[in-house]
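Each residue of the sequence shown is one higher than the last, beginning at 520 in the working numbering.
Mixed in with the good hints, there may be bad ones.
Said to hold, decoys possible - Derived DEER-like restraints, expressed as beta-carbon distance ranges:
hint, residue 1, residue 2, range
1, Ser989, Ser702, 36 to 46 Å
2, Arg659, Ser709, 24 to 34 Å
3, Ser612, Asn694, 25 to 35 Å
4, Asn694, Arg945, 16 to 26 Å
5, Thr710, Ala884, 33 to 43 Å
6, Val703, Thr574, 57 to 67 Å
What the hints assert, rightly or not - Restricting the straight-line Cα-Cα distance to at most 25 Å, the calculated cross-link-like pairs of lysine to any residue (SDA-like) are:
hint, residue 1, residue 2
7, Lys912, Pro812
8, Lys912, Ser806
9, Lys912, Asn850
10, Lys912, Thr978
11, Lys912, Arg936
12, Lys912, Ile885
13, Lys912, Val979
14, Lys912, Gln977
15, Lys912, Thr777
16, Lys912, Asn807
17, Lys912, Glu934
18, Lys912, His928
19, Lys912, Leu815
20, Lys912, Ser981
21, Lys912, Pro775
22, Lys912, Asn899
In case anyone wonders, no lab produced these hints; they're calculated from the structure.
Remember, it's a predicted structure, so these values are computed and weren't measured experimentally.
Each residue gets a CB set at the ideal place from its N, CA and C atoms; glycine is no exception.
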Amino acid sequence: MLKGLASASVLTLALAACGGGGGDGGAIGLTNIAPNFSSSASVSIAENTVGLIYTATASDTNGDTVTISLAGGPDAGVFSIDVSSGGLSLAASVDFENPSDADGDNVYEVTLEARDGRGGVAMLNLQITVTDETDTIAVRRVGTGFAQPLGLVALPDGSGRVLVLEKTGRIRILNPDTGAIESVDFLDVSTSISTNGERGLLGLALSPDFATDRTLFIHVTNGAGDTEIRRFQTFTGTLDQVDASTSDVILTFGQPDTNHNAGWIGFDANGFLIIPIGDGGGSGDPSNLSQNPQSLLGKVIRIDVSGDDFPSDPSRDYVIPTGNTFTDPANGLPEIFAIGLRNPFQSSFDPISGDLLIGDVGQGAIEEISRLPMNDSSFNFGWAVREGTAFFKGADQPEFTPPVAEYGHGTGDREGRSVTGGLVYRGPVEALQNTYIFADFITDNVWGIPVSDLVNGQTVASSAFIVLNSDFVPDQGNLTSIASFGTDAAGNLYIVSLGGDVFRMEAEP
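Take the sequences, apply the hints, and build the full model.
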């Protein structure tokens, strides 16, 4: 299981007492002495604690009855006190990661007051420190019965539903809270695509303005075996059903084989459509297409879908953004943004840096994760001259960019045979926040790497991977043949199994 670090702040004690002396109208008697607090001026509690958290006690030298109350302090509104017992309680739980104390340091400050009924008063400045607790991870099956699902995208309509892509051509709507699958598909293109080998419905990207423009893009293999990017719109007045008559093919190019067609597509922070594409298949890139600047295969494609630079070309319905790799068509195709990939089947953007993290499936020895900043079009990741950091064939070049992480082929818990690119997790499970989570499709290993360790110029070895297998044990079904990861609007992590199940990672209540 994951081990977390408890955090706590240094506590200080501040106790002040003031006496309420004075006479009794001239009568002879003992001088009144103010009460004294005997309970501690500090206490620590774990996050998510509710109810009684501290009992205040005080004594009085004169033997008077002492009443303790909550007098104030910057965080008094979070607590209540039972004046008969001195019990201080929290009405609602507090979260270490989202502190609600006045200065946001997880040290809640209140002032308690003890009175003896004759003018004697003591004040105690109490500090309640909230400590961090490690979450226990739960992986719950939230959907089943899909036909070779390959991807998951949140439906941004406020419903909490998600879109599940099936390789066979349907995009279905899942309510992960109930497990219900809508009877009406979001989209069905099954009659217009090829699905043999690694072909099929491979990727889905909703427009950054989907809530208003109702526009989406899919990556498919058409009936002739070519790659197509198609644009659609949903019906007017709805976001959960696509009007198939709006289909518009905006990009088409050939594929020499049935594998290495890649899959995921997405929009970067600038609103450009990013399309990582494989080398066209065959063992070892036999035609050297990945390093060929006159081929789109083995590349990251970047296009602007807001216009059309090629009105006379039905296979190119888009604008070339400024800053792509080649400005002169004689040197290379203008759609290219990065070079040297084999089969970048699953990728994702880090929502903080905006960088693209690419899971590139290896040939026979090494699987790799590569990092592509979206403000730099000079990257060449080396395939098929290099496989990961190792030489593969041809003439090596020092300007190749090595992967930020890699692992070898095998059956161990830090090995595999086909990487499934993941995503940077920033959801509610605290122990995994800011971790890049990914997997191997063949060995079913699941790993994590702190995203801060994924730096270009250095390669994280598998010995440094966080092995998550024992944490990712589902309540139902089997977490096998992991095809992709996804997130919803709340930042929850979803895991898609090619066998037909969808899982969600949650914090164990």
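Going back to the hint list, which numbers does this structure go against? none
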